[in-house]
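Chemist: Modelling step: build the complete structure from the supplied sequences, incorporating the hints.
2 protein chains.
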Amino acid sequence: MESHGGNIYKIAAKLGYEPSEIIDFSANINPLGLHPEIKEIILRNMELLPHYPDPEYGDLRRAIGESHNIPYEFVIPGNGATETIFLYCRSRRPKRSLIVAPTFSEYERALRESGSEIVFHELKEERNFVPNFHEIMDRVDSSFDLVVLCNPNNPTGVLCHGEELLTLAKHGEKFGTDLMVDESFLEFREDCQEISLISSDVPSNIFILRSMTKIFAIPGLRVGYAISSNKKLMEKMTLLREPWTINILAAKVAQEMLDCRDYLEKTAQYLKDEIDFFIPKLRRLPWLKVYPPSVNYVLLKLLTPMTAAQLREKLLSKKILIRDASNFKFLDDKFLRIAIKDRSSNESLIKAMEEL
Amino acid sequence: MESHGGNIYKIAAKLGYEPSEIIDFSANINPLGLHPEIKEIILRNMELLPHYPDPEYGDLRRAIGESHNIPYEFVIPGNGATETIFLYCRSRRPKRSLIVAPTFSEYERALRESGSEIVFHELKEERNFVPNFHEIMDRVDSSFDLVVLCNPNNPTGVLCHGEELLTLAKHGEKFGTDLMVDESFLEFREDCQEISLISSDVPSNIFILRSMTKIFAIPGLRVGYAISSNKKLMEKMTLLREPWTINILAAKVAQEMLDCRDYLEKTAQYLKDEIDFFIPKLRRLPWLKVYPPSVNYVLLKLLTPMTAAQLREKLLSKKILIRDASNFKFLDDKFLRIAIKDRSSNESLIKAMEEL
Numbered sequence: 390m391e392s393h394g395g396n397i398y399k400i401a402a403k404l405g406y407e408p409s410e411i412i413d414f415s416a417n418i419n420p421l422g423l424h425p426e427i428k429e430i431i432l433r434n435m436e437l438l439p440h441y442p443d444p445e446y447g448d449l450r451r452a453i454g455e456s457h458n459i460p461y462e463f464v465i466p467g468n469g470a471t472e473t474i475f476l477y478c479r480s481r482r483p484k485r486s487l488i489v490a491p492t493f494s495e496y497e498r499a500l501r502e503s504g505s506e507i508v509f510h511e512l513k514e515e516r517n518f519v520p521n522f523h524e525i526m527d528r529v530d531s532s533f534d535l536v537v538l539c540n541p542n543n544p545t546g547v548l549c550h551g552e553e554l555l556t557l558a559k560h561g562e563k564f565g566t567d568l569m570v571d572e573s574f575l576e577f578r579e580d581c582q583e584i585s586l587i588s589s590d591v592p593s594n595i596f597i598l599r600s601m602t603k604i605f606a607i608p609g610l611r612v613g614y615a616i617s618s619n620k621k622l623m624e625k626m627t628l629l630r631e632p633w634t635i636n637i638l639a640a641k642v643a644q645e646m647l648d649c650r651d652y653l654e655k656t657a658q659y660l661k662d663e664i665d666f667f668i669p670k671l672r673r674l675p676w677l678k679v680y681p682p683s684v685n686y687v688l689l690k691l692l693t694p695m696t697a698a699q700l701r702e703k704l705l706s707k708k709i710l711i712r713d714a715s716n717f718k719f720l721d722d723k724f725l726r727i728a729i730k731d732r733s734s735n736e737s738l739i740k741a742m743e744e745l
Numbered sequence: 390m391e392s393h394g395g396n397i398y399k400i401a402a403k404l405g406y407e408p409s410e411i412i413d414f415s416a417n418i419n420p421l422g423l424h425p426e427i428k429e430i431i432l433r434n435m436e437l438l439p440h441y442p443d444p445e446y447g448d449l450r451r452a453i454g455e456s457h458n459i460p461y462e463f464v465i466p467g468n469g470a471t472e473t474i475f476l477y478c479r480s481r482r483p484k485r486s487l488i489v490a491p492t493f494s495e496y497e498r499a500l501r502e503s504g505s506e507i508v509f510h511e512l513k514e515e516r517n518f519v520p521n522f523h524e525i526m527d528r529v530d531s532s533f534d535l536v537v538l539c540n541p542n543n544p545t546g547v548l549c550h551g552e553e554l555l556t557l558a559k560h561g562e563k564f565g566t567d568l569m570v571d572e573s574f575l576e577f578r579e580d581c582q583e584i585s586l587i588s589s590d591v592p593s594n595i596f597i598l599r600s601m602t603k604i605f606a607i608p609g610l611r612v613g614y615a616i617s618s619n620k621k622l623m624e625k626m627t628l629l630r631e632p633w634t635i636n637i638l639a640a641k642v643a644q645e646m647l648d649c650r651d652y653l654e655k656t657a658q659y660l661k662d663e664i665d666f667f668i669p670k671l672r673r674l675p676w677l678k679v680y681p682p683s684v685n686y687v688l689l690k691l692l693t694p695m696t697a698a699q700l701r702e703k704l705l706s707k708k709i710l711i712r713d714a715s716n717f718k719f720l721d722d723k724f725l726r727i728a729i730k731d732r733s734s735n736e737s738l739i740k741a742m743e744e745l
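Order-wise, the sequence lines are chains A and B.
Start counting the first sequence at 390; every next residue gets the next number (my numbering).
Start counting the second sequence at 390; every next residue gets the next number (my numbering).
Because the hints were derived from the structure by calculation, they are not lab data.
Keep in mind the model is a prediction, meaning the values are calculated, not measured.
Just to be clear, a hint being listed does not mean it is correct.
Within a straight-line C-alpha distance of at most 27 Å, the following computed DSSO-like cross-link-like pairs (lysine-lysine) qualify [claimed, not checked]:
(1) A:Lys723 - A:Lys708
(2) B:Lys403 - A:Lys620
(3) B:Lys625 - A:Lys403
(4) B:Lys678 - B:Lys661
(5) A:Lys625 - B:Lys690
(6) A:Lys625 - A:Lys670
(7) A:Lys399 - B:Lys708
(8) B:Lys703 - B:Lys399
(9) A:Lys403 - B:Lys620
(10) B:Lys625 - A:Lys484
(11) A:Lys399 - A:Lys484
(12) B:Lys620 - A:Lys399
(13) B:Lys661 - B:Lys559
(14) B:Lys690 - B:Lys513
(15) A:Lys625 - B:Lys707
(16) B:Lys513 - A:Lys428
(17) A:Lys625 - B:Lys625
(18) A:Lys625 - B:Lys718
(19) B:Lys625 - A:Lys399
(20) B:Lys428 - A:Lys625
(21) B:Lys484 - A:Lys620
(22) A:Lys718 - B:Lys625
(23) B:Lys723 - B:Lys403
(24) A:Lys484 - B:Lys484
(25) A:Lys621 - B:Lys513
(26) B:Lys723 - B:Lys708
Modeler: So this is what it looks like as structure tokens:
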């Protein structure tokens, strides 16, 4: 588990800090924090705790369907998007899968667990990790059941156009190859709806993931969902699904917050402004290569003899936690990832880095 | 999912009731309801929602370990006991399993999903579903990787002695056979600690399940755990575990409520008294066979031409929901299960049944 963002509890305990003393740049959570409405939703629904959640999560699925103008039947909710990754893999049982990497590590874990052979399509550093769709399509043939791609990609921040992904999916259709697209960070962008593959006529070989955990800053509650128009796959997933995995408070929060458009707009606007402020300041550090962010995190590369692990240690002594990104496939010990946080935290990081 | 207790939301919607109007005897939740402290714990920890849970759930595991006087390393927490059933099956991958049935259906689902052949050991109605351990032991040989038994058993209510289970586990040891014992309802009893297999020297082939959902009336939050001294199994389970499945509020509630002994004692005492009141009244109905309850639910059999499904419909018209138990393996359409609830609900059920 140490493979993900920092286990801030363990780190704090080890260093003798309180978890709240540490500025956590390792988890990519909405910098605006918890919407005040969320606490009220939890208070309002406390009386539901002695009841099992609706095992079909009907209201939640209907709300998600309405919010995207897609049928209820296209929606499968999960305990975070992660549950739906594992559930897809157990249900579809891909024999051979192509993962476009470096990327989030749970695709590989879920696929390995369900017995898939895994091939990586390496995104090249010299191209700033921008995927070449011609190359990916050249590799896809009937030996692959699945291609996995994260958009925007974690940790590189590279954003692909919806058109490119649809072309790839269409190409895959010829070979019976699915395309899994993880849109967990897409809602941090104003143009989310233009780029998203979610639509009422989404091809049946596309499986789309959405997280609500990150955009609504509720990793402590956990909720996400997946979208597919593949009826057989959805039936299999419903059959294999473990019961009641989404707690009733998370389900209610998700259902009521889905259409909180003003919060989404405010977040996207805030990020645009903060990127304009923060990124030039990072770029002024001569020992750092800054990859262009598209959402709420930035990939960085150290241009000094120092490793990301060493930088992480140094910053930890200043109670700042960053993500050493060296354990992402195809990234070496010079790479790190940081979240874009509130102005004062971002300034603290800049200051700490300048002092190094 | 309809295979479990009632989906009260769906049923209420279908009949045009509010879910709160229905008296739900289909879910086996603590009749004392939510402990007031639980709301306070949630309020106190709301600020943690923007943080990922500790992926190792260190504090929770330590609290569970201390509460049972067992090492931290024996404890694996889950999103309900159910998560640990599925995780065990994926980690241990039993080739052939013996399920003592009728019983809770998720053992079978989890085992099938992980590819186990399943053999049922049928508990006989003419013996009131009391297991004969000699017969079970006679069947166990090296062809079985696992025996599954629920204690007390759901839905029969039959309680086994710890000694019998330890003898069975010792017998299994010779053949490399594990014993999974589900103690999800055991804490409803005063003598829980005497009967439980949880101890610091639990044999390594025993896997024990505990739910906190039922005893603390929090099926809307969901938390449970499993206990094993098998180091290799625990490592495999840790490796295969999906991250952050227990939300931070559930983890905090579980951690703080674990040692709420007065609530457990009050519950056990209440149930004893309520069984004394309720069961004789049920027994007075000449068309009903009442199996002796050991915890907070009762198995019933109709001695009339009416089926459990028909009785369920009739009671639903009086806004009372019972569990048609005919879909439990080896039970026919005459069986039903009801929870033991608060006095006034129990009286309503008696009255409704007398009127039939």
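Chemist: Compare the structure with the hints numbered earlier in the document and write down the numbers of the violated ones, lowest to highest.
Modeler: The structure conflicts with hints 5, 6, 7, 11, 13, 15, 16, 20, 21, 25, although it agrees with all the remaining ones.
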